[in-house]
Amino acid sequence: MSALFSPFISKPDTVSAIMLRVLLALLPGIALYVWHFGPAILVSIALASLTALGTEALMLRLRNRPVRHFLGDNSALLTGWLLALSIPPLAPWWLVVVGTAFAIAIAKHLYGGLGNNPFNPAMIGYAVLIISFPAQMTHWLTPHGLGPVEFGFLDQLKYMFAGALPPNVTLDAVTMATPLDTLKTRLHLDEPVRQILEMPIYGRLAGQGSEMVSLGFLLGGLYLLAARIITWHIPVAFLGTLFAAAGIFHLADPTHYAAPLFHWFSGAAMLGAFFILTDPVTGPTTNKGKLIFAAGAGLLTYLIRAFGSFPDGMAFATLLMNICVPLIVLYTQPAVFGKKDKRP
Amino acid sequence: MRTLYQFHGGIHPPGNKEQSTQCGIARAPLPSKLVIPFRQHAGAAAKPVVRVGDHVLKGQLIGMPDGFISSAVHASTSGTITAIAAQPIAHPSGLPDLCATLIPDGREEWIPHAATDYRNSDPTELRRQLRMSGVVGLGGAVFPSDIKLRPGNRKIDTLILNGAECEPYITCDDMLMRERAAEIVQGAEMLRFMLEGGEVLIGIEDNKPQAIAAMRQAVAESGFSFDVVAVPTIYPGGSAKQLIRVLTGLEVPSGKLPTDIGVQCFNVATCYGAYRALAHGEPVLSRIVTITGNVRRAQNFEVLLGTPVRDLVALVEALPDTDRYLMGGPMMGLPLSSTDIPLVKASNCIIAASDRLFPPAPPALPCIRCMRCAEACPADLQPMDLFWFSQSKEFDKAQQFSLFDCIECGACSYVCPSHIPLVQYFQFAKSEIRAREHDQQAADHARERHEFREYRFEREKQEKAEKLAAREQAAKQVPAASANPADAMQQKIQAAIARAREQAAASQPKNTDHLTAQQQAEIAEIEARRAHIHELAKSADEPPDDHGESHS
Chain X
1 MSALFSPFIS
11 KPDTVSAIML
21 RVLLALLPGI
31 ALYVWHFGPA
41 ILVSIALASL
51 TALGTEALML
61 RLRNRPVRHF
71 LGDNSALLTG
81 WLLALSIPPL
91 APWWLVVVGT
101 AFAIAIAKHL
111 YGGLGNNPFN
121 PAMIGYAVLI
131 ISFPAQMTHW
141 LTPHGLGPVE
151 FGFLDQLKYM
161 FAGALPPNVT
171 LDAVTMATPL
181 DTLKTRLHLD
191 EPVRQILEMP
201 IYGRLAGQGS
211 EMVSLGFLLG
221 GLYLLAARII
231 TWHIPVAFLG
241 TLFAAAGIFH
251 LADPTHYAAP
261 LFHWFSGAAM
271 LGAFFILTDP
281 VTGPTTNKGK
291 LIFAAGAGLL
301 TYLIRAFGSF
311 PDGMAFATLL
321 MNICVPLIVL
331 YTQPAVFGKK
341 DKRP
Chain B
1 MRTLYQFHGG
11 IHPPGNKEQS
21 TQCGIARAPL
31 PSKLVIPFRQ
41 HAGAAAKPVV
51 RVGDHVLKGQ
61 LIGMPDGFIS
71 SAVHASTSGT
81 ITAIAAQPIA
91 HPSGLPDLCA
101 TLIPDGREEW
111 IPHAATDYRN
121 SDPTELRRQL
131 RMSGVVGLGG
141 AVFPSDIKLR
151 PGNRKIDTLI
161 LNGAECEPYI
171 TCDDMLMRER
181 AAEIVQGAEM
191 LRFMLEGGEV
201 LIGIEDNKPQ
211 AIAAMRQAVA
221 ESGFSFDVVA
231 VPTIYPGGSA
241 KQLIRVLTGL
251 EVPSGKLPTD
261 IGVQCFNVAT
271 CYGAYRALAH
281 GEPVLSRIVT
291 ITGNVRRAQN
301 FEVLLGTPVR
311 DLVALVEALP
321 DTDRYLMGGP
331 MMGLPLSSTD
341 IPLVKASNCI
351 IAASDRLFPP
361 APPALPCIRC
371 MRCAEACPAD
381 LQPMDLFWFS
391 QSKEFDKAQQ
401 FSLFDCIECG
411 ACSYVCPSHI
421 PLVQYFQFAK
431 SEIRAREHDQ
441 QAADHARERH
451 EFREYRFERE
461 KQEKAEKLAA
471 REQAAKQVPA
481 ASANPADAMQ
491 QKIQAAIARA
501 REQAAASQPK
511 NTDHLTAQQQ
521 AEIAEIEARR
531 AHIHELAKSA
541 DEPPDDHGES
551 HS
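Note that the protein sequences, when read in sequence, are chains X and B. Position 257 of the first sequence, counted from 1, bears residue number 257 in the numbering used here, the numbering being contiguous throughout. Position 456 of the second sequence, counted from 1, bears residue number 456 in the numbering used here, the numbering being contiguous throughout.
Hints are computed from structural coordinates only; laboratory data are not their basis. Glycine included, every Cβ here is placed at the ideal spot set by N, Cα and C. Keep in mind that the hints are not guaranteed to be accurate.
Below, simulated SDA-like cross-link-like pairs (lysine to any residue); rule was C-alpha separation at most 20 Å, straight line [as the list claims (entries may be wrong)]:
(1) X:Lys-11 with B:Pro-359
(2) X:Lys-340 with B:Gln-399
(3) B:Lys-467 with B:Phe-404
(4) X:Lys-184 with X:Thr-255
(5) X:Lys-340 with B:Tyr-5
(6) X:Lys-340 with B:Phe-404
(7) B:Lys-430 with X:Thr-255
(8) X:Lys-339 with B:Gly-255
(9) B:Lys-33 with B:Gln-87
(10) X:Lys-339 with B:Gly-262
Sample of chain X residues with no beta-carbon within 12 Å of chain B, all distances over it, derived [to be verified]:
(11) Ser-10
(12) Leu-27
(13) Phe-70
(14) Ile-131
(15) Leu-222
(16) Tyr-223
Please model the entire structure based on the sequences and the hints provided.
Listed below in structure tokens is the structure:
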């Protein structure tokens, strides 16, 4: 059908293409993940993708929406990937399935589907899992070369799907607490930061292996900036605030508080700065609002990491700031052309 | 080098202007029939002053301006008026409008006309002449130029000629500037004279180097100190308020006119029209039209007003897959319901279109609030919020978020990755709000009349009661004084005089004397409301917000 209204031309840009480029931007991080921790993460991503598409199709059908039209927008796939990247790759298969299904069905479609969900679906999925299955959410793989035994891909698959470990191998031998988690527990034991960071699981900046994955996400994020899919406001405000908060505490008391760069390259900070907080649907729609939103998330992430009971604060910081979005947007409306003083 | 300013947003759609600038302006042949609408301008339609069967000369007045905002309409050539009836025209509503059908006699016989020595004329007389010559904004807004030249409450410091022509495909102003720069410059001086001075800036987008060079040369030869300024090519840089911002750094305040900040803006083609009207006494009978798109040879033509689109597209050989025609550019143009539609003063471009040229947009997806629309909006609006409010019919919210500052340029729709027809949502919301305001005013008016009627009944009842009481009083006094017959007679006479006085008083319009406090309060309230309505009516009569030459 030909258009009845102007404009009759449009930029050849689609939601589907934008989401696809975000997926592509995740690839450097994923590649480094596989390099350092083995291909188990790919299985998680595949499981999350299948679950995301299946749940999306089911929900679209239940809601009487055109399935094919919406399934191609790649948004469900992105939710699945982000969730898979947020949870331990060695977690049992059903963990990622439950999390993804919850994210798509409850956090996205029950709120009206694409464009209408107030909370980041992947982070809702993560929050549900960490609260409901805290034990399984600690099955983080030990990077190559650090564990007492080499845990092959087939062994990983066997454990994910059947829960079976090779003879003479305990779970503790192939998994470990995350660098952030280790730091937190050891600090409780009154060990100084410098001594903790000398442990073999730590690399140059943060966790051995995981720091490289963060670097991969940073690279992908820079691509998103260059491709104008995201603007600088959220990553800069988030990383800046995280850096400043960590820097102040570190300068005041370096034995108890890790350096800012450690926080940048630990946990989900880089993934969050470029891929999670930048979700347009659940973020603010004004540039000033983006700065406030991301600065708030940066501060909350640091406070949860340093003083909260969870090792990483990215998911809760995101969700807490999602709540504030309507208020932030209302108070950061830009001045309209010819109206210098504008307050709706 | 002049300091230029920027406005927020804007887009860079492919220009597609080269196709129609390969050859110069050609004169379109005389068509076999002209259909001349009586409303080719903003405001009230002109009143027909010819009858069916009349023979008219080229340039003869056939429609008299009717009302403050109106303009004259003329016979584009000599011939016979064969019909005065409603015919299809280019309008979003698709409704027909009153047109005169003129069958040319082929002689192109002019009505006598003469030049005006504008420097020795009264500006009021010059404005009247422009109005009677049908000079209106030829950039597309077709607002009567004489009104824009009236002295306002503020002196005009800057006269801006709009030669930006930011819409893709359209090149009529470009070609006009290349070929008739000297006339445009002379016209600009006439407009400057009527506005009583000020600097003159001629803004042309930098994708038209030849037009810029031609205008610069014409200015140099004229000896006037006009400034031809190359402005960056960005859509909608040719929108009056945006161009004013780029050239002067000033923002026309929301709801105000450029004249309120000492600026007035005319399209270059309007200047040319004013020049022809004053220097040659020729009314606006033709305009330059770009005919382009899905055609073999795109070109600009000088076309008589009233020429059916069909005759024009025949000149450029539309390609076989052409299935529709647009009037205007691809950003703000209007699809034509048929090729019988006549060309009017607002028609700057006809585009032959096909699915190959303008591929249909994929079906819309929900808004993902990606902010691309807000980044593109030249009015600094938040289109995604306005879309949300328009869609959910929260019109008061939409108004609060400055819906009426939207200039409907289409930049938001152009960049939307969900392909939401945003401009249509905003047009819908605006028309709904206008309709509701109209209904509200009508309801207020009806209630006022009802209240006054109630008040009148009440007042008449009270007057009757007072009269009755007075009569009873008089009747009681009569028997007491009847002892002396002469006195009684005298008293009767006195009573009659009193009654007559009373009647005379009652018949005089002194209804508002001796009222209760409540009645007086009611009257005051009604008066206040009436004054308010008068205010509203007055503000509705005033020229609309944007009578600039928008989006050329």
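(request) Evaluate the condition: distance from the CB of Leu-27 (chain X) to the nearest CB of chain B exceeds 12 Å. (result) holds (21 Å)
(request) Report holds if the minimum CB distance from Ser-10 (chain X) to chain B is greater than 12 Å, and violated otherwise. (result) violated (5 Å)
(message) According to the definition I'm using, a residue is off the interface if its beta carbon is farther than 12 Å from all beta carbons of the partner; does Ile-131 (chain X) meet that for chain B?
(response) holds (28 Å)
(message) Quick check for students: does the CB of Tyr-223 (chain X) sit more than 12 Å from each CB in chain B?
(response) holds (17 Å)
(request) Verify the proposed pairing of Lys-11 (chain X) with Pro-359 (chain B), using a straight-line Cα cut of 20 Å. (result) At roughly 11 Å apart (the allowed maximum being 20 Å), Pro-359 (chain B) and Lys-11 (chain X) satisfy the hint.
(message) Just to be careful, I want the Cα atoms of Lys-184 (chain X) and Thr-255 (chain X) compared with a cutoff of 20 Å; is the pair within it?
(response) Given that 20 Å is the threshold and the Cα spacing comes to 13 Å, the pair holds.
(request) Please work out if Lys-467 (chain B) and Phe-404 (chain B) have their alpha carbons no farther apart than 20 Å. (result) At roughly 57 Å apart (the allowed maximum being 20 Å), Phe-404 (chain B) and Lys-467 (chain B) break the hint.
(request) Would you check whether the claim that Phe-70 (chain X) is not at the interface survives, using Cβ distances to chain B and the 12 Å cut-off? (result) Violated: least Cβ distance 7 Å, not greater than 12 Å.
(message) Tell me if the straight-line CA distance from Lys-340 (chain X) to Tyr-5 (chain B) falls inside 20 Å.
(response) holds (17 Å)
(request) Over 12 Å to the closest beta carbon of chain B is the bar; see if Leu-222 (chain X) clears it. (result) holds (19 Å)
(message) What's the verdict on Lys-339 (chain X) and Gly-262 (chain B), does the C-alpha distance respect the 20 Å limit or exceed it?
(response) holds (18 Å)
(message) For a C-alpha distance cap of 20 Å, please report whether Lys-430 (chain B) and Thr-255 (chain X) respect it.
(response) Not OK: Lys-430 (chain B) and Thr-255 (chain X) at ~63 Å, beyond 20 Å, violated.
Violated hints, in rising order: 3, 7, 11, 13; the structure is consistent with all others.
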